[in-house]
Amino acid sequence: MKKVISKLLVGVLAVSMMVSGCSTAKKLANVDSNAPVAKEEMKVGFIYVGPIGDGGWTYAHNEARLYVEEQLGVQTFYKESVPEGPEVEKVLKDMIDQGANVIFATSFGYMDYVEKVAKQYPHIKFLHCSGYKTADNMSNYFGRMYQARYLSGIVAGMKTQSDTIGYVAAFEIPEVIRGINAFTLGVRSVNPDAKVVVRWTHTWYDPAKEKEAAKALLDEGADVIAQHQDTAGPQQAAEERGVWSVGYNTDMQATAPQAYMTAPIWNWGPYYAQQVQAVMEGTWKSESYWGSMNEEIVRLAPLTAIAPEGSKEKVAEMEGKIKDNSFTVFQGPIKDQNGEVKVEEGQQMTDGEMLSFDWFVEGVVGKIEK
Amino acid sequence: MIRLIKKADISQSQIMTIRIMAVFLSLFTAGVFILFLGHNPFSVYGSMMSGSFGSLYRLQETILKTIPLLITSLGIAVAFRMKFWNIGAEGQICMGAFCASFFALHFSELPSLILLPIMMVAGIVGGGVWALIPGVFKAYFGTNETLFTLMMNYIALKWITYLQYGPWKDPDALGFPKIKNFSESAILPNIFGIHIGWIIALLLVAIMHFFIHYTKKGYEITVVGESENTARYAGMDVKKVVLIGLLISGGLCGITGMIQASAISNTLSVEVSGGVGFTAIITTWLSGLSAPMIVLISFLFAILVQGGSFIQTAFQIPQSAAQMLQGVILFFVLGSEFFIQYQVIFPWNQYMQKEEN
Amino acid sequence: MNTNTLIKMENITKRFGTVLANKNINFSVKQGEIHALLGENGAGKSTLMNMLSGIYTPDSGSIFIRDQKVRLSSPRHAIAAGIGMIHQHFKLVEALSAKENVIAGEKKQFFLHSKKLSARIKEISQSFGLELDPDKKIYTMSVGEKQTVEILKVLYRGADILILDEPTAVLTAQETVQLFSILRKMKNAGCGVIIITHKLHEVMEVSDRVTVLRKGETVATVCTKETTPKALTDLMVGRSVDLSIQRIETTHKQSILEIKEVTVVDEEKVKVLNNVSFTLRTGEILGVAGVAGSGQKALCEAIAGLQKVNSGKIIYEEEDIVGKTPKEIIQKGISMSFIPEDRLGMGLVASMDMVDNLILKEYQNQKGFVLDRKPAQKKAEHLIHKLNIQTPGIHHPVRQLSGGNIQKVLLGREIDLNPRVLITVYPVRGLDVGSSYMIYDLLNEQKMLGVAILYVGEDLDVLLELCDRILVLCDGRVTGIVEAHSTNKEQLGFMMAGEEQWEQEVEVVD
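Residue numbers (our numbering), protein chains in the order written: chain V, 1 to 370; chain B, 371 to 727; chain X, 728 to 1237.
Just so you know, the hints here were simulated from the structure itself, not pulled from any lab data. Beta carbons: idealized from backbone N, C-alpha and C, even for Gly. Hints should not be assumed to be uniformly reliable.
[Stated by the list, open to error] Listed next, with one range per pair, are the computed distances between beta-carbon atoms:
id : chain 1 : residue 1 : chain 2 : residue 2 : range
1  : X       : Q795      : B       : G408      : 58 to 66 Å
2  : B       : G697      : V       : S356      : 22 to 30 Å
3  : B       : H583      : X       : S1213     : 49 to 57 Å
4  : B       : V393      : X       : T784      : 26 to 34 Å
5  : X       : D993      : B       : L483      : 53 to 61 Å
6  : X       : D993      : B       : K610      : 43 to 51 Å
Whole structure, please, built from the sequences with the hints as guidance.
As structure tokens, this is what we get:
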């Protein structure tokens, strides 16, 4: 009996695979990729690197997804905790299979897979967050988080007493390096003696590991913790040790009420809604979008009572300068860790330079593995 | 006190009854769980099925999930047949993928027809040698293979991590820890919309079935597994048989690694095996080490995985909940094996009953 | 009802799958009697006793203990009801002392009341004539002593019904005498003793009544005084059986295998064979007698190449085969067949069918990569026919065959290889009378063909009747080689116990 079943099964497999092989190619041809899409037919997919309850990066994206649903009344769906590996390709295809016509892929490591799948499905729109590749049907989008990071650095720099600030960081990629540099410039704009000590975790989402890294930094003498991670783990470490912290992604006050001062946060909702709207209207175009504080895609969360005196005023001043473009964060003179001047007085870094950041500014204690 | 008694005898129909009951119980329990999540269990189950078979694409995905499970199970079955508890398939997959990737990355100019067979052989050697190491230690020093193979997994995984973050890190990835993608010639071609691994898998099923049951080496492996004493008595070189068996076992796992790296990842990464090496232990065991049954069980398992992944997006069930569902179903199916072997005596049946006469 | 009756089993039926193991069996044991349970393998003796000791529960029928109907659903209940079973394989913790083993499994008390315990053990020992040092560790004990511990354990727990499953299989003649005296004392104290055995002379010697089972049914219960071994065998087998073993005289005796001063040291540095020398000749059966564990296993395995030999020579037709692998010994055309004691653990693969078991010894002579089963299939059918092997078919796992049929498969395979030397270890252990005689006949047949046979046996009566010469081993030493027709059980018994006084005489005879 068992043998019969298994033989049958092998047969079924073989036949079904032959049938399936013939039809895939046809489906894809002859679709006008820019025809308007009816609201009922819109289905927007989101791929997250962590769980939606991470209280950080993924949470912020998911809030934006809900915003899109609310504003436009279109159908959305998501898949959480998708590792930055071959699984991504499968999840993208699954979503297309389930009717997605726009997909937001919200982690750097998804980039190559999005690019690969985008080639195979020219009628589907892909928006990849934090990368640098584009195609006719693939945008990349991000925000100038370094602006808000600079502001949060001011808060941290004014708060620290040990002049040592710990920074828990995920991967040695330009996005993270840029954030660390902007933060450090902010710190040293108010406290030229302070240093920012970096610790790599090599994970986006691992609450325990992130917390451990923060603790290690505190052991090294830091009294303010900042982070480029998706969870509030480092905040908890600061809370437990009775020191201070700067969050990331979302307002993390609830997690660490005694430590949290502020956080550079994301506000993806308006951009997402605008993009989906464009697809519905047939006006969508592939782009490399790098939104600034003016577009509100990045913000600094309101300062709490723990934030140092005078910081509110200083932040407001610099925020004004950033918004009216009289200050661009990465403007000379900027020295690297060796004291060499990398950006001359009066010069500014270009977007291209910022997008491929691979060195630390003066004041950062840490190493970039190449 | 509840006591257990080993069943002396059990008929095939009883076994089937217990298994079918287990499946229904698991569906029922998982159904209650789904209700708590606020969904209709029937529509969730329905969409698990439709997620696995509902379209050609979904069927292809299910088959893609079957392939690595199937080949790895075939490999583990060879070791298990010798009562060598090879828990190291995960590591053997990684090392197979590593060796295959070495050629894919360093000889990427070679044409497919030459490069792919080289990668396949490299995969077999990588996985085989990784299985052979604990085998040698067991044969000559009597070390415990379960722990040894388990630990070898971590070494292999960490080795790949090291490569990914260190020497093999793609300089073009702007610091992101990934290994360079393979060139086109190092990627397995598709046949009928699915990479050629499915043909390899089916061929391997036939080969392994024939090998175990109709060749002298397969016969030796079976005898060694049944009784080492008998094997020695019959003049077999037990150590040699075990080591050859392990080369085959690890080699098959290595093939999985090569296929996954080439066709699925198009590169080497720590995600290459994705836990298949552990899942395959379950499928191997459930299929009773028989190659044709491995096809069936791996396919059913792939349905569970693919269907479970489908309902996450279809019903927006959290990933952890979907995994719990899979866990519940597995729990009952594996648990039923216990009831096939043992009988439970409850306290109210236990005491010497003095019946009125 | 008779208050004298300890146990009464009425219309007991037990079915395993499709096999009816016990069918409406009636069986009773009176107070103060030794009751022998006799039957061929598979007659249902063990099943019946396992139900009495709570391991199985009957499908139908009733069990009464002292006229009270009981349901024994676990060994614990059986013990509570006063039933204790001594299994063939002892269940003792080797590292513990006799005393500690006796109380192992008792949960009532947390602390050992050592003195009280010793006193109680002494009391039991004295009343039943058990000779035992309560503080002696099990691993230092002989088989007989271990059995005594098992008996003590059961008695300590208050059993007054004792079941012994083939208790004498592992004992020397002297130890058997001792055991029987213990059993008689128990009987006199009013206990009931059930003894399962194949050895008819023991049944005649020790029992009061005999119940004979055949194919799961009670054939008869008779008083021992009123029956004869012949009558019992006939009842058991269901037809008339000739009980004499032939010793066939052959003429062409030539030396074929010479063992010269062989010494084997095991992993614990114990000399399991100590300077053993003898010659095996064609056309003769050389018996090997000795208490279990005297070096029989090492001797046979050394000849088969399975055991490392530390010093000495084993000369087969002028070639020293010491240091050769089993494969070389099998393949070199030495045609030496070894039928190990452990049939399913060594000689055969339990889960495989007859065909796959028959290829075991010769598949290596096949050319190529693929296994050819056709010759073995033919051979299997031939053996089933020739040896009257009871099996559902050639593809039935050998594990599911009865002991006698398993032995026939093993012996059949080895004989079919046309060996010149045949080594068999306890070939009739666990076999019923009918099967045993079949094996003796097969061995005699081989002897007539000129095969040299080394027969390691345990039943001295059989050794004396079947063999031409008998070699006695004690603690790995040869304590004598005697002509079977000019010796007796007592002489053998003394040599088995280590007395070497017979050696001188032997040499004269030889």
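Taking the hints in turn, this is what the structure says about them:
| no. | hint | in the structure |
| --- | --- | --- |
| 1 | X:Q795 - B:G408: 58 to 66 Å | holds (60 Å) |
| 2 | B:G697 - V:S356: 22 to 30 Å | violated (44 Å) |
| 3 | B:H583 - X:S1213: 49 to 57 Å | holds (55 Å) |
| 4 | B:V393 - X:T784: 26 to 34 Å | holds (30 Å) |
| 5 | X:D993 - B:L483: 53 to 61 Å | holds (59 Å) |
| 6 | X:D993 - B:K610: 43 to 51 Å | violated (25 Å) |
When held up to the earlier numbered hints, the structure conflicts with 2, 6 and fits the remainder.
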